[in-house]
Amino acid sequence: MSRTRFFLSNEFGLVLLIAVFAAIFGLAATGFLSPFNLFTLGRNAAVNIMIGLSMMSVIVTGGLNLAIGAMGVSAAMFAGWLIEGVGVPWPLALAGGLACGAGLGFINGATVVRSGLHSFIITLATMSIFFGVMIFLTRAESYRDLPAVFSDFGRMKFAGYVSPLLLVTLATALVLAWLYRRTVTGREMLAAGAQPGAAELSGIRVGRMVILCHMLSGVLAAMAALMLVARNGAAIPSMAGQLGQDWLLLAFLGPVLGGTLLQGGKVSVLGTVLGAFLVTMLQSGLLMLQIGAFWVQTFLGLMLLIAVLLDKARRAYLARRNLA
Amino acid sequence: MMTDHPLFEAQGIEKAFPGVRALKGVDITLAGGSIHALLGENGAGKSTLIKIITGVHQPTAGTLRVDGEAVRFAGTRDAIARGIGVVHQERNLFPRFSVAENIHLEQIGASYFKPIDYAELNRKARQWLEPLELDVDPAMPVSELSVAKMQLVEIAKALSLQSRVLLLDEPTASLTASETDRLFAILRRLRDAGTSLLFVSHKLEEVQEICDRVTVLRDGENACDSRAMAGVTRGDLVEMMIGRAESAASGRRRAADGAPEMLGLQKVATELGHRDIDLSVRAGEIVGLYGLVGAGRTELAKAILGKFAITGGETRVAGEAVRIGSVAEAIHRHGIGYVSEDRKSEGLILQHSVLSNAGIPVWRRLAGAMGLLGDGKVRDAVLPYLEKLEVKTPSLAQSAGNLSGGNQQKISVAKWLAAGVRILIVDEPSVGIDIKTKAYLHDLLRDLADGGTAVLIITSDMPEMIALADRIAVMDGYTITGVVGNTGSYPEMSRRIMDLIHGPDAAARTA
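Residue numbers (full-length UniProt numbering), protein chains in the order written: chain A, 1 to 324; chain B, 1 to 511.
It should be emphasised that the hints constitute simulated quantities derived from the structure, not laboratory data. Glycine included, every Cβ here is placed at the ideal spot set by N, Cα and C. Careful, some of the hints might be misleading.
Unchecked claim - Listed below are several chain A residues computed to face chain B (Cβ distance under 10 Å; list not exhaustive):
| id | residue |
| --- | --- |
| 1 | V184 |
| 2 | A198 |
| 3 | L201 |
| 4 | I204 |
Claimed, not checked - Under the rule of at most 25 Å between Cα atoms (straight-line distance), these lysine-lysine pairs were calculated in the BS3-like manner:
| id | chain 1 | residue 1 | chain 2 | residue 2 |
| --- | --- | --- | --- | --- |
| 5 | B | K344 | B | K51 |
| 6 | B | K438 | B | K203 |
| 7 | B | K24 | B | K51 |
| 8 | A | K266 | B | K377 |
| 9 | A | K312 | B | K344 |
| 10 | A | K266 | B | K51 |
| 11 | B | K392 | B | K377 |
| 12 | B | K203 | B | K436 |
| 13 | B | K392 | B | K436 |
Bound-form chain A, shown alone (with noise of 0.2 Å):
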């Protein structure tokens, strides 16, 4: 990679980003720095960040996933059910909400697969049927009497400032970073999202290769409310909002300002952890600029726009100069 071609890249950009940012919020808004302010970020860049990733695992396919948002909250309610309502130790129930995600990604994969339709209208259907299912199966109440141990781990500092819930993230990414670089089922992945007649003409399973992108998608929604339960003590079927939907502009937010390609084939799973992250900071340093929450959600809507543009502008830049 040449000088230019890295100063030019969607993580430096995010890196200069977030530095500008943070001097301005530290400067202009007083307790942005504060250790109990930082920690709060972190809980927050956390869950956000797992959101970007699970939109990231379908946008490789050339797809897109609404349906995260009420993915994540089943598998969440599932796994409250699990310990609320049949007993089952909180370690086993963790896994069953798991795989409850796998499931509903199952569901999601297997019909785009099967029916050749595009995921989006796939999962525009889906996110209605499996939010609808769940009010109707808990009847809209929460599971508020969970182990200890959810609290507890959201609540838990390391070094004064910084949540495990950050940690377990980060190391999902590095994970996911891993799954793509290294392994054959992650480079068959992008090669299916990339041109997948030849991707299967090369001799890949595409068919499999989707439906495991969204099985992959929901883990990672599963494990982003489950992380919610962490901070809110309670499984409630109402925290991603009516459908899973207050998911959904964070979930575009951080892969498309990460440099992922939405015509699919390739990731960056650094891009994404950075493009929540900015995200995150954002609306905690706005808030408490006293900006008020409106004009936050105005602000993203923006950015994303914005987002779209440079990087189409960069593309043609690049392109033009023959670097890319």
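With chain A held as given, fit chain B onto it using these hints.
Below, chain B alone, put in the same frame as chain A:
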């Protein structure tokens, strides 16, 4: 009746792109009533020159003249206004629009709110279709036409724009022999009516047949400038294009008679409608599958690979009856490789690196515990083959999409060499690649067969088929109409093949 007065002239045309000088002072002169060949290998600058003539690019230096008057084209509309039309290699029609709408696309939008008079539109379209003997309803959507007819619609469109200079970029690439003959008759008629035609093609036989003048480009310069075609031999053309004489085509025969059969089809039927397919390819043998576009050759290849279901008969790989359920199974279990004619969407993953493209079929085999796989291992496995095929790339990390067509094709072949397949099916091996690479690829396929691989070639290029194949199976209407042993004699082979497609009577009529 060629006029001496040139319709169009380009002098000293230079074009620089960042880092590349695509044209370094090129001249070309097009006269009315003439068919002018523009030849050159991929990368010689043909496409750039065409784009400058049609106003897509503006030259860095040099002058364009129309009727002796210096012109500057700021965009394609300027060129069209001066009577320069082009029929591109890629189809530029809107499939769901009607023939008439496509022909008059530029003229329809004269007034935003005026309703379109379709009766008038269709009547005017018929005016342009008739001279081309194109008997289609102008109201019919273009998507229902054959490829050859679409091509003619594009020519009609160019003519309706009052084009006096018509550029044809590889117009015969997807036409059958008889369709090509019809196209040529029409081009000759246009020539006789005074139009100046510029004909770009890789097929030298065609160029010699129809063109009266020729310009050859090599490395962005004129290897010859608008000289008369009379007295120029095929060898001369090749020498001008590649800068040296063509290596003699080695039509050596292989003796594969005693070798074991690697791929055998007996009475095979497929879900796509193939029936009674009998085909056999022995180890060390090159079998050609000849047929017109739409005969079902590519479809048969994909059915063998397991992409489409085989519904009857017996398939044997290395003597064993098999049922292949998926492409992955064909590749990984049975060692069958397939080089697609459609490199962009089925052959390569253009946005991924050269290394990744060449390595896909061997990933599974190279992977260690837990599917672990590093770049180093892949590089060791594929680099010898990329080097053997002289793939020119700045680095293995380069995106395959940035390489030339010839180099891309080499990668498509190299990946199967690295995978060590026993059976290789190559679909249109030389589509979109230049003569030098084509000759190289032919040698490579022969070497591969000599090394014991069973090779099945699908091509519509008769000289290529005769240069490569030991036996030629002829396909028509989703069945095999016969198999002929290749004697290496072009007239004899083409007659016998055409007999098998059209029946002996038809061949006698056309002869």
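>> Which constraints among the numbered hints does this structure fail? Numbers only, ascending.
In response: Number 10 only.
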